[in-house]
Amino acid sequence: MSKKKNIFNGERNERYDYLVTKEQPLSYTSESFQKVIINLDYANIDGKIKVVQFTSTLASEGKSTFVSNLSYLLGQKNKKVILLDLDLRKPKMQRVFNVPNKNGLTDYLSGKISYADLIQHSESFGFDFIVAGEKTTAVVNVLESLKLKELIDKLREVYDYVLLDTPPVIAVSDALYVAKNADGVIFIVSQGNAKKALVKEAIETLKSNHVHIIGTVLTQVNLKSGAYGYGYDYSYNYEE
Amino acid sequence: MFVDLHTHILFNVDDGSKDIEQSLAMIEEEIKQDVHHIILTPHVQSRVTKVDRSVHVERFNELVEAVKSKGLKVDLTLGAEVLYRSHLTPDYDTLTFGKSKYLLLEFSTREEQPIEEIVYDISRMGFIPIVAHIERYDYLSFNDYIQIKNTGALIQVNTTSFLGLDKQVKPKLPLKMIKEGLVDLISSDTHNLDVRKPNLKICYDFLAKHVSEDVLTKIFIENPNHILRAISA
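Line by line, the protein sequences give chains A and B.
Under the working numbering, the letters of the first sequence match residues 41 to 280, in that order.
Under the working numbering, the letters of the second sequence match residues 999 to 1231, in that order.
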């Protein structure tokens, strides 16, 4: 909470519970999301990718915004989607759904609540979600636990897509632990936020841990700097 | 006519009033300060907490009887000042102002707490958190005050901080906060009859020299009345 801007400590003033794809379905931004889904479909022709993890280089690159919009659009396409907040250090998903961070993942893994209490449903967005739950200092133990793996395996049976929001790669190693349970990672890069060298380092870290990067997404694109006019855009590129 | 929303007038429950006589004397002092409604907010989960919630209710009923028989013209409501502890989940419903959803919360002044996050969770659980003497948490920046307010908390500042009686608080900070429109409520946080006595009117008169009447009416009259309506609803 210091005044000094810190690359590990992003701050945000906009609302989380405003999903642009829901509120402005015909906008350029929503169109860009649709393209992401089409690209994801092509990357997933054999249907082998079910558990998709989202990470970035640093904080505040738009992970929660991106993943919640994507979940919404997948839900609109009659896919059964569940979104898990695995950013146990700075959970944000509760803000998207405007609920307290109660009855979450850590509460379930520590045996305080049942599976039925864990899964919440958003009427307004039309998909299921799991919030992070009570703060713990044993983050790595939680993410490495067999019980988490079993939970994700169970969700894999029930849902078409299990989407995992995780912390940025450079700050902590959490994303690497989560990647063991995921079929692939979508890497989010916010334009003009992280330095190129840091982005490279983050991607190298993932690759050296044999993480399958499905693709990268460029967020918070300022179209003023390009040739297409004004706007706020998401674009998508294949990594390999 | 004022409302004092943060007081330690309930006797022998914390570091506030010692006995029922002192409580009655403090209430008489409140009346002299133009206060017609007092919320009693004993410390909960704090190191100065002496008794359980059930004792608060007993002492409160005793005090209400004593106030009646003395013929003092004042309304009393039982609330609490809850020190947030991350490992404890109290039944907040029993700690709000009367049967309303208003909940006075204090935080550690030494150890930095994620106040905005806590306020978020508690407000989404259906309560209206009031952050007690926010000017005392010197780890908060001005921007943090704004974030906390935007998240849904009411901001309470102590009279003693405006009057320069609280050595922990930077002298110009509270006035700056009120001029920026960040202050929702001002209360005495009275503990006794000497150094931390009821002084709401003294503070009002002091602020009248620095702040417009509209702002003072909002903080001293409208906002508290809003809470009183929720209490009596």
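Calculated from the structure, these hints are not laboratory results.
Honestly, I wouldn't trust all of these hints.
Keeping only pairs whose Cα atoms sit at most 30 Å apart, straight-line, the calculated DSS-like set for lysine-lysine is [what the hints assert, rightly or not]: (1) LYS1170(B) to LYS1207(B); (2) LYS132(A) to LYS1068(B); (3) LYS142(A) to LYS75(A); (4) LYS1147(B) to LYS62(A); (5) LYS1068(B) to LYS1048(B); (6) LYS1170(B) to LYS1030(B); (7) LYS130(A) to LYS1147(B); (8) LYS142(A) to LYS1207(B); (9) LYS1030(B) to LYS175(A); (10) LYS1170(B) to LYS132(A); (11) LYS1207(B) to LYS152(A); (12) LYS1168(B) to LYS142(A); (13) LYS220(A) to LYS236(A); (14) LYS120(A) to LYS236(A); (15) LYS1097(B) to LYS152(A); (16) LYS142(A) to LYS1030(B); (17) LYS117(A) to LYS175(A); (18) LYS175(A) to LYS90(A); (19) LYS175(A) to LYS1199(B); (20) LYS235(A) to LYS117(A); (21) LYS130(A) to LYS1165(B); (22) LYS1168(B) to LYS1030(B); (23) LYS1048(B) to LYS175(A); (24) LYS117(A) to LYS152(A); (25) LYS62(A) to LYS152(A).
Now the hints, each set against the structure:
Our distance criterion of 30 Å between C-alpha atoms is met by LYS1170(B) and LYS1207(B), whose separation comes to about 15 Å. With a C-alpha separation of about 54 Å, the suggested pairing of LYS132(A) with LYS1068(B) is violated against the 30 Å cut-off. This hinted pair does not check out: LYS142(A) and LYS75(A) have alpha carbons roughly 34 Å apart, beyond 30 Å. Taking the CA atoms of LYS1147(B) and LYS62(A), the gap is about 27 Å. The hint holds against a cut of 30 Å.
A threshold of 30 Å between alpha carbons decides the hint, and for LYS1068(B) with LYS1048(B) the separation of about 27 Å falls inside it, so the pair holds. Our distance criterion of 30 Å between C-alpha atoms is met by LYS1170(B) and LYS1030(B), whose separation comes to about 28 Å. Distance check on the hinted pair: LYS130(A) and LYS1147(B) sit about 20 Å apart at the alpha-carbon level, within 30 Å; holds. With a CA separation close to 46 Å, the supplied pair LYS142(A) and LYS1207(B) exceeds the 30 Å bound.
In summary, the hint linking LYS1030(B) to LYS175(A) is not supported, as the alpha carbons are separated by about 47 Å, beyond the 30 Å threshold. Under the criterion of a C-alpha separation no larger than 30 Å, the hint pairing LYS1170(B) with LYS132(A) is inconsistent with the structure, at around 35 Å. Annotation: proposed proximity of LYS1207(B) to LYS152(A) is violated, straight-line Cα distance about 55 Å (limit 30 Å). Of the supplied pair hints, the one linking LYS1168(B) and LYS142(A) is violated, its CA atoms being roughly 36 Å apart against a limit of 30 Å.
Straight-line distance between C-alpha atoms of LYS220(A) and LYS236(A) comes to about 26 Å, which keeps the hinted pair within the 30 Å bound. Proximity of LYS120(A) to LYS236(A) is assessed by CA-CA distance (about 36 Å); at most 30 Å being required, the pair is judged violated. With a C-alpha separation of about 29 Å, the suggested pairing of LYS1097(B) with LYS152(A) holds against the 30 Å cut-off. Proximity of LYS142(A) to LYS1030(B) is assessed by CA-CA distance (about 45 Å); at most 30 Å being required, the pair is judged violated.
At roughly 34 Å between alpha-carbon atoms, LYS117(A) and LYS175(A) are farther apart than 30 Å, so this suggested pair is violated. Distance check on the hinted pair: LYS175(A) and LYS90(A) sit about 27 Å apart at the alpha-carbon level, within 30 Å; holds. Taking the CA atoms of LYS175(A) and LYS1199(B), the gap is near 43 Å; set against the 30 Å cutoff, the hint is violated. A C-alpha spacing of about 36 Å is found between LYS235(A) and LYS117(A), which places the hinted pair above 30 Å, so the restraint is violated.
A C-alpha spacing of about 34 Å is found between LYS130(A) and LYS1165(B), which places the hinted pair above 30 Å, so the restraint is violated. Between LYS1168(B) and LYS1030(B), the direct Cα distance comes to roughly 29 Å. Compliance with the 30 Å bound is thereby established for this hinted pair. Distance hint between LYS1048(B) and LYS175(A) is fulfilled; the C-alpha atoms sit about 29 Å from each other, no more than 30 Å. Our distance criterion of 30 Å between C-alpha atoms is broken by LYS117(A) and LYS152(A), whose separation comes to about 34 Å.
Note on LYS62(A) and LYS152(A): the hinted pairing is violated, with a Cα-Cα distance of about 34 Å set against a maximum of 30 Å.
In terms of the numbered hints stated before, the structure departs from hints 2, 3, 8, 9, 10, 11, 12, 14, 16, 17, 19, 20, 21, 24 and 25, listed from lowest to highest.
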